[in-house]
Amino acid sequence: MFESFDLSLVDWSRAQFALTAVYHWLFVPLTLGLSFIIAIMETIYVRTGNEEWKRMTKFWMTLFGINFAIGVATGLILEFEFGTNWSNYSWFVGDIFGAPLAIEGILAFFLESTFVAVMFFGWEKISKRAHLISTWLVAIGANLSALWILVANAWMQNPVGMVFNPETARNEMISFWEVLFNEVAVSKFLHTISSGFLLGSMFVVGISAYYLLKNREILLAKRSILIAGIFGLLSSLLVIYTGDISARTLAKAQPMKFAAFEALYEGKERAGLVAVGVLRESDRKIGDKAVNDFVFRIEIPGFLSVMTGGSPETFVPGISDLVNGNPERGLLSVSEKMERGRIARDLLIEYKEARKINDTEIAESIAATFRDRKFNEEFFRYFGYASIDKPEEVIPGVKVSFYTFHVMVMLGFLFILIFSLALLFLFRGTLRKNKWFLWIALFSILLPYVASELGWVLAEMGRQPWIIQDLMPVTTAVTHVSTGSVITTFILFAVLFTILLIAEVSIMIRQIKIGPKN
Amino acid sequence: MISHMFLQAYWWIIISLLAGLLVFLMFVQGGQSMIFSLPKTELQKAMLVNAMGRKWGFTFTTLVTFGGAFFASFPLFYSVSFGGAYWMWIAILFSFIIQAVAYEYRSKPSNVLGQKTFDTFLFINGSLGPFLIGTVVGTFFTGSQFSLNELNQVKWGTPWHGLEALLNVRNLALGLAVLFLARTNGLLYLMNTVDDDDLFERSRRKLSMDSISFLVFFLFFVIVLLLSEGFAYDRATGTVSMEKFKYLHNLLQMPLVMVIFLAGVISVLYGIGAALFKAKRSAIWYTGAGTILAVMALFFIAGFNGTAFYPSVSDPGSSLTIDKASSSFFTLKTMMYVSFFVPFVIAYIWYAWKAINRKKITGDEIMKGRHLY
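Chains as they are written, first to last, in the numbering used here: chain P, 11 to 528; chain D, -15 to 357.
Don't read these hints as lab results, they were simulated from the structure.
Some chain D residues well away from chain P (every beta-carbon gap over 10 Å; in silico):
#1 I(-3)
#2 D179
#3 D218
#4 F229
#5 S251
#6 W269
#7 A273
DSS-like mimics (lysine-lysine), calculated; alpha carbons at most 30 Å apart, straight line:
#8 P:K68 x D:K39
#9 D:K39 x P:K135
#10 D:K343 x D:K100
#11 P:K384 x D:K317
#12 P:K527 x D:K343
#13 D:K100 x P:K68
#14 P:K527 x D:K352
#15 P:K68 x D:K343
#16 P:K138 x D:K352
#17 D:K352 x P:K523
#18 P:K64 x D:K352
#19 P:K523 x D:K100
#20 D:K343 x P:K138
#21 P:K135 x D:K29
#22 P:K138 x D:K344
#23 P:K295 x P:K400
#24 D:K338 x P:K138
#25 D:K352 x D:K338
#26 D:K338 x P:K527
#27 P:K527 x D:K29
#28 P:K135 x D:K343
#29 P:K64 x D:K338
#30 P:K138 x D:K39
#31 D:K344 x D:K39
#32 D:K343 x D:K39
#33 D:K352 x D:K39
#34 P:K135 x D:K352
Glycine included, every Cβ here is placed at the ideal spot set by N, Cα and C.
Go ahead and model the full structure; you've got the sequences and the hints to work with.
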């Protein structure tokens, strides 16, 4: 009844999801950020009636359109991929997970795509004010889309608001608000959209820097840097702030991911935050997984404890504590969780047996147990551990988590510097003299993309082996198709998306070189 | 009191409505499928592409919402069909992915692949999209080979993972009917929205072939459907069995559905006739509304009156019904509140549609080239 699938099928299904998601995410943040920047520019145009602002708005809108099309194209597959490649998952949690996806379509995506059409084709057909509202609605719609998708993702990281129904063999929603206001969802949403604002701002600043380097479109470039510089600086501060909140919620909801991205093996009070570090596999092992040691690190003493619990005395559990348990700190070992998960699973099997022989009384009493709060807190929440064979399986890739996290954070601070410098030079009127900075700004366009993708790599790889934290490992979630089919579709998507990406970048660069129309 | 049964029916109606809207909006695909055959000049081609290009987003969004709404309201269908008929759905998705970029990129300089390739993307999506979607919907009546275990996990019965649906004549007939309906609607939409006499006449001439093809395949499908066995579901015992003339019975036992169905078909026929014989520009609204109604009625026949809407021929007990495949009471109720926003959504779509279509597309506008595809 409980089947773990062939690992190569699981790996290829994951690879395909990762591939499509990474591609999709190359385009989404720019939509999130640029849409607001355009809306701000158009607002200034409508307020002042200055045609130059309209010309700017239209120029950035052209680039927005090129990016938007491929964002939509790559997003389609994600909407359906839970079904095509993760069908067991889709049933197990569809009662909860489907809702945000549907709401995204009904309440957000329609708003976005309808008004995108008005935004592009409505000039001269509707009033200035109506057009401006349409542009704002695009920005709002795009960010609302992100909200619902992130609510769905956050639920996988921190499943709340549901109860398991043994009859249907799935989790069923009992509180919509708990799902929506899931702590992880709130911080994830704010962190993600602010990173999109940041990326959009860097895009605008970088391309404007290019014009300044080429001595073209000076006014447009300076005004764009003004808008995007301020918006970017505020966003980058918000990114740091929301990142901090995210880390704190993570420490509670996914302590293993938290420990992994700091490569913290032994839990402690006054735990330091590693600012920079290099890892190396040591001879020590947890199960059959090697422990990573620091070859070198710079640490901010006590800061990790402060980040986690607000005080240096806060105990931060390490990977060993989480695997082997730490009774003093009230941490269960993974083997204990495996035990409890199996009890929950056996109870489900018992239920199915009772149903088969039509023993309603036993079936009813088991069903009641599954609704019982205490049973849920003590047993069912570890349901996924029943499919874990060895305790060390629950340790995610420590190196991947560590490096993605630290590079992302370093970049995050760098962005504050770049936006600050851009504004400083702009206000002093020395932007064009400081060519070195303009070059840096131009090439910095790529950095937020790196940071943003790393954020997702951390979020998704850092929670392995779970597709739903503690409830379902990826190995039991996949669709029963042949590995060959998934390899084939993986290759198809890889080839198609790569070709489309090349076309997109080529068109984008050409449009930037052509510049705004007169 | 709102019951679980009521909510299941309510959501099946919403799904049917979305399906109806999707098939109507596939006039965009229909138009695309004629990109190489209908226009005589480059200018006409540009007019065709721009007429469709201003609407493609609606179709696409409806498809996404259809997927999302199906997931939220009938998650078992989502996991069984998408996971099981893997290749079929992947093919459909592929054809829509290449569409989404084609409009925006086809006429942009340095687009790497060249306009011809992007136009071919539009043609592929225009032909395959409606045809494959129609074929899949055919399996709602003809069934697939799958079984579910105690945990409701699906095992598909053929290694073709969905492509086997192409071997069934009835599925093919519905697929072709949807394709030719999309083309018919595409032509009518062009006649409505493009101000070009020559293109108008060419569309009208093409209309006779496409609408007759549609009628042939559609009538074939409907007649065979009404004469065939169907998958009857007994809610009390939870069993699925074969019933002779099941779909005919559904029509007769649900007079309202019969009325909707006939109204839809008549409206489509009237639109086609008005365009063919009276050169009526507004014909698209009759065929469009008729399309929505007829598709909705087909979905009602598939899912209501104790019918399995996604039957399994190899293991009838595993067949999906709106009762068995639905979300929980709580989720359906929550989603019902969300659905109250739908009229609001339709209202702003209506506004946007009118705003963009205020002026007809002319050669002049295309030559001036503001935001063009």
